[in-house]
Amino acid sequence: MKLPIYMDYQATTPVDPRVLEVMIPWFTEKFGNPASRSHPFGWEAENAVEHARVQVATMIGADPREIVFTSGATESNNIAILGIARFHKARGNHIITTVIEHKAVLDACRHLESEGFEVTYLPVGQNGRLDLQLLADTINDRTILVSVMAANNEIGVIQPLEGIGAICRKRGVHFHCDAAQGAGKLAMDVNALNVDLVSISGHKIYGPKGIGALYVRRRPRVRLQAVMFGGGHERGMRSGTLPTPLIVGLGEASALCTREMVAENARILALRQRMEQGIMQQLTHVSINGDTLHRLAGNLNISFAYVEGESMMMAIKDIAVSSGSACTSASLEPSYVLRALGVNEELAHTSIRFGLGRFTTEAEVDYAVRIVVDAVNRLREMSPLWEMVQEGVDLNAVRWAEH
Amino acid sequence: MGNPASVHSFGRAARQGLDYARRQVADFFAVHESLVCFTSGATEANNLAIFGCAGMRNQPGHVITSAIEHPSVLEAFRSLEQQGHEVSFLDVDAAGRVHPETLRKILKKETFFVSIMHANNETGVIQPIAELGRICREHGALFHTDAVQSMGRIPWDHATFPVDMVSISAHKMGGPKGVGALIMERSLPLKPMLVGGGQERGRRAGTQNLPGIVGLGAVTQWIADHQMEEIKAMKRLRDHMEDELSATVPGLVIFSKNAARIPNTSLLGIEGVHGETLVMNMDLAGFAISSGAACAAGKGVGSHVLAAMGVAGGLAMSAVRISMGWNTRLLELERFIQQFTHIVAGLRQA
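Which chain is which? The protein sequence lines are A and B, in order.
Here the first sequence is numbered in the working numbering, starting from 1 and rising by one per residue.
Here the second sequence is numbered in the working numbering, starting from 1001 and rising by one per residue.
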């Protein structure tokens, strides 16, 4: 087995070799600019882009004309949120999102607050899911946009999208869904979900980095203001030369997800359950964060009580995992997602996100379980708190002396 | 394959690749690494410079660009106009040059930002950015240049270019599509366009396009090492083609012939021949040329660059752009010259 083992599939994924293979010619011999209309270098590139557009659209049940290529999910989220808000500001200035969204959504919303918009950040339940009644009660006649993610990047919890879509449609509010973690992994159908805008990322679905897509509904037509201006590519919604190789890669990655989703999810779910059981059977004082039913197959987020987070990360360095999202992993702040679930600060500090994916093997899972169990046992042996717990002391009742 | 923001070994390896590429680009422009901001391409880099600078202010002011800029600059300026800024579009002379005096005259107290491209994408004309930049600096306005077309075709001279910001694009210089950069001469608190995640020092959020960035770094390095010989070789080919075609095609106009131009681009006009038709015929003969910028190709609109130069009517509609690159060979060029001459003669007869 090759070490270290990659278990951070929610941060990024390797490009599937089948995806890379179809991308390669578009870097070299088929290098044309898809906007060049006067020669075959441009035409073949344009054809490839349109083929990829069909592939991406198919993955979420959309019409190809509803797909706008972007540089990634962050840009998709920015275009959707800033674009809808700025275009429709005459109609209202209220936006609703949740406290556990990705930074790209939260920061875009904060950005809008500085432009005079009012944003409601809804809490989620202990299981990480949004309460539909709460959403319905929060929408008012100034609400123009609801942005809720498909699946959370840290805890993998899937939101009740169909219910959210139904409420938004009934109330005439745009519904944007950041599906960076959900598209290709959940059977999403934009029409069944009544969603108006969907953000998709290439590198989270075994495609390349630097490419993403935004689904923008045509019927009823969703209008937005562009964030970037220029040559008017992508029907004016996103200017800039289309990066053919990356788009071809995103298309192929989408097609593979569409084709293999059911079998892949079953395989990955079995691996996750194996991992979960392996850890839970051998360790006590371990808790899983977030809903275990409505959850991405490849996400396991566990808190190990009485273990210090950073020491844990060091002790299991043969497994590449994350203690939070990649974007915030350099900071020592406890995860805002776990805090939103009501996980206390200490447990939030000792949580690990195991992200399993397409290339994870059973042998890797077994190895990881062994390393994790050994590490936790060893670290707990060194912990005075753990000793007290073993002696039956209720730590919550202890009054610590001030230094 | 890692995410450069992850702390584990996969992430750190990605981070190293990112840092190395950043150093390659920073070295080329002789700036500190922290002043290189990777983007999804030049359109984004241009937009970031323009909106980023405008966003540093609390109230509208005066901004200046030229009439011959790339749409990613022109459209961004039009958007600033809608936001309440006063925008001046500088005229060019008949050869497509922006004159420093024109800029000096139009500058006013409220002018805070000027963007003039380094080399034009249709005519190849090089703008006097050293002087334009100096004027802006004296005036206290920030100066940005879109150097997409000049990279590798004009040596970047950081000692005499008083430029505050430069946009570059990888795919215009032999690198991959989907990546570019905005390079700053000193740290500026640009207002970001894309937020969330804090990458690129908060200037540009989003997981970095690592393979693309590594490609941009490598091609920048390659240009630093080889540009002098490349420039000479391209110029030799271009001049040869222009000399030959001038002799064989009666009435051939080489736009901006007497202006300083980048060595790989020729914009030709032939009165009485329709540019699009010529392009189609050349295509059938196996040569890919263009009747204008790719962004405007096939849209049936005339060139805004030629219009700004005062070229109109049949001559403007006849324009075709021929551009060469690092892999153009003399043999191909000889065949091209013959075909071009032959096809133009045929179209004139018809």
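Simulated from the structure, these hints should not be mistaken for laboratory data.
Incorrect hints may have been included.
As the list claims (entries may be wrong) - Chain B stretches covered by chain A per the calculated footprint, using a threshold of three residues with CB under 8 Å from any CB of chain A:
1. 1015-1023
2. 1111-1117
3. 1125-1131
As the list claims (entries may be wrong) - On the chain A side, residues computed to face chain B include the following (Cβ under 10 Å):
4. 208
5. 211
6. 286
Yeah, the Cβ is synthetic: ideal placement off N, Cα and C, and Gly gets one too.
Hint by hint, here is what the structure shows:
Counting residues of the segment 1015-1023 of chain B whose C-beta lies closer than 8 Å to any C-beta of chain A gives 0; at least three are required, and the coverage claim is violated. Restraint check on the segment 1111-1117 of chain B versus chain A: 0 residues with Cβ-Cβ distances below 8 Å, three needed, restraint violated. Only residues whose C-beta sits within less than 8 Å of a C-beta in chain A count toward coverage, and the segment 1125-1131 of chain B has 0 of them, not enough to reach three; the restraint is violated. With 10 Å as the threshold, the beta carbon of residue 208 (chain A) comes within range of chain B, its nearest partner Cβ sitting at about 7 Å, so the hint holds.
Look at residue 211 (chain A): its Cβ gets to within about 7 Å of chain B, closer than 10 Å, so that hint holds up. Using the Cβ-Cβ criterion of 10 Å, the hint placing residue 286 (chain A) at the interface with chain B is not satisfied: the shortest such distance is roughly 21 Å.
Hints 1, 2, 3, 6, counting from the list given before, are not met by this structure.
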